[in-house]
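Take the given structure of chain C and dock chain E to it, following the hints.
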Amino acid sequence: MPKVTIDDIPIEVPEGTTILQAARMIGGDIVPPAMCYYSKLKTSGGYCRTCIVKVEQGSEKDPRPMPKPVASCRTTVMDGMVVRNITSVENLEARAGVVEFLLLNHPLDCPVCDQAGECDLQDLGYGHGAQETRNDFPRREFEPIDIGDKIKLHMNRCILCYRCVKVADQLTDGRCHGVLNRGEASEISTYIEKAIDNDFSGNVIDVCPVGALTDKTFRFKSRVWYTNPIDAHRDCPTCCGKVRLWNQGEEVLRVTARKDQWGEVQDNEDGSPAWICNTCRFEKKHINDWVIEGPSKISRHSVISANHYENALRNIKADTLKMMGAKPHGVKVELGTGALDPNNNK
Amino acid sequence: MGKKLLLKNDHIPGINTLEVYRANGGYSVLEKALKTMSPDAIVEEVKKSGLRGRGGAGFPTGLKWSFLARPEGVPRYVVCNADESEPGTFKDRYLMERIPHLLVEGMIASSFALGARTSYIYIRGEYFYIARILEQAIDEAYKAGLLGKNIFGSGFDHDLYVHVGAGAYICGEETALLESLEGKRGNPRIKPPFPAVAGLYGCPTVVNNVETIAAVIPILEMGGEEYAKIGIGKSTGTKLISASGHINKPGVYEIELGLPVEEFIYSQEYCGGIKGGRKLKAVVAGGSSVPVLPADLILKTAGGEPRLMSYESLGEGGFATGTMLGSGGFIVMDEDTSIVKNLYTFARFYHHESCGQCSPCREGTGWMERILHKILDGHGTLKDIDLLWDIQSKIEGKTICPLGEAAAWPVAAAIRHFRSEFEEYVTHPERIRDIKHYYRLNASGVTAG
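From first to last, the protein sequence lines are chains C and E. Our numbering applies: residue 1 is where the first sequence begins, and numbers increase by one. Our numbering applies: residue 1 is where the second sequence begins, and numbers increase by one.
Check the hints yourself; a few may be wrong.
[Unchecked claim] Calculated cross-link-like contacts (lysine to any residue; reagent style SDA-like; alpha-carbon spacing at most 25 Å):
#1 C:K285 <-> C:R234
#2 E:K341 <-> C:D136
#3 C:K54 <-> E:G14
#4 C:K68 <-> E:L387
None of these hints come from the bench; they were simulated from the model. If you're wondering where the values come from, they're calculated on a predicted model, not measured in any experiment.
Extracted from the complex, chain C is given alone in its bound form:
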């Protein structure tokens, strides 16, 4: 099995593993962020360039460093490879550059965006983004369009990760949307606003890392952090029927697939991804439609887990005590020096 060292942490991984997967096996801060890669979708990744890493040593046989940063999601490890992610200042700077490019034309309309709170780009912006933009030109603008009666497309927010295109290619029986035009003018669209109509088309919403594809049955109903995520299932003839309900009291505001710690759809027992069908997602909006399993645990998105406010407060208290050391009284603690962890990585 090839042995790879990522940020000085060695790990042995199966043949054909990518650097990103190897990093995820190690876990923690060294995992490169991924905006376009989605392990459940074949040929995804390589586009957004946020997961770039520096390869200091190619392999045991060929120890030369790779001349350019590589996309860790699409580069397979070689035996003896030495990778630097967060231990290379150069790499972090390069990533900050990529984040700047991703945010360059992004409308930053988080206050009115349904994705806010569970948005990968928001997390990335907090982690790597600059305080202010250096772009003084008008941003690129598109009109929001309806693709079908259940899905809304806000092209302004799109980062062209191609995930929804891959979903349509690999999950549904005929793709009728894709990328039109090229360069900066590229957009995800259907020809003449044709509806995306397919049993599994709703999964494009789940894979969208930003708020470009949103669920019209949930739009503007609530901020995600005001809803309670609950795992539930039903006997569905089309899909696995295992979902996450986002409730306010007894009211089901939204149904999504269950996601893992990387923001990807969880696997079924047989290892296949637990995609859900449009009936489960859009039609079953009554609590009696579902068998409730219990509250979902979400550690990935700060604001959602902050829904469990007690947890967040407990964490702050614990961190504060740790910082004060043995002295419990009368020590002034500055907030923002470690006690708060906006991405809730710890």
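What follows is chain E alone, placed relative to chain C:
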């Protein structure tokens, strides 16, 4: 007179027809190769010749050919990259227009060497009329039994097709070219796998430039070792140079690699000096994407040696004081040229041609264009120059394909060598609005460069 290999019969009227081409020795090399040489022997000759890819990257062709995977029962393909779209480069157009049979002959010989039953010429959409010329040549070849079944009785079958692209610069990148050839959107693929392993329709594929494939014929004619004697060092053979800009005799010239740059610009045999006797200001030596060099650095290296037209000599000094031979698009700029305006044109081109697949290039190329536009309009600030520098450094090397670099290098080089000119634009915007300045920078009293 330098030695001519590709264009040696260029002056003969009617050389574009099969009859005249054969009367001048055409297809005799192919006949000899098919009848007397084994495919491996041809690859060996190309290796010995030291031929390097003429499309821009300069990768040794023989080595590229030897990388081609040869699994049993899987077809292999040879694809000719005739998507010549680099601003300043028009050598392939000239070659295909004048001597189409040289390319056809080269394609058959290369395909025989690599064991490809089918090959394609992918030509850019704007060269539609050349696609017709090629198709005519291919028709003639089929009729004469030079294509199709059992060529020259050697038992080698081959089919050659011309495919017209839709006019996208990005389809000159080899994997985007293959995608486009397969009928998909021309987005570059993420490598690995390289085309030598999984190219066209997932099969092993070699993609070569028009000039590279054409050069196989003179190599087989004279032998690899003889070919390697032409040129200098690892830059062997002859190269077509598309000379344009402020010179007296723009056009396509075949040079022996190793020719001094000064001779190329000033001798009557080639460019014939700068128009109107003006001074040389800068040269983009290998097509718009390679770094621009000021007059002193293009004529002499930083070490004081005369600069030669070769891969090594032009590359000497790295990007700090050197450039690249690239595809041989030699753009000469005289003392009245505005580097900023020239750079804006390039930046606009790369912005327009970015495929939009990966974020640094999609977002960065447009941003650079807008900043340059702002500077040209007289609204720039000194900070914008630093910002430009920073943006290009964040695009370079972070993209899927080399278009990112192609967009970043000209910006970097222009700021590196001509920063004072950018500052001039920023600090004296009133001079930009001066109509005289619009045409001639020096006329308004501004010292350029």
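For each hint, the structure was consulted:
For the given pair, K285 of chain C sits about 12 Å from R234 of chain C by alpha-carbon distance, which is consistent with the 25 Å threshold. Straight-line distance between C-alpha atoms of K341 of chain E and D136 of chain C comes to about 21 Å, which keeps the hinted pair within the 25 Å bound. Restraint check for K54 of chain C and G14 of chain E: not satisfied, since their Cα atoms lie roughly 56 Å apart, outside the 25 Å limit. Proximity of K68 of chain C to L387 of chain E is assessed by CA-CA distance (about 22 Å); at most 25 Å being required, the pair is judged to hold.
When each numbered hint is compared with the structure, a violation occurs for hint 3 only.
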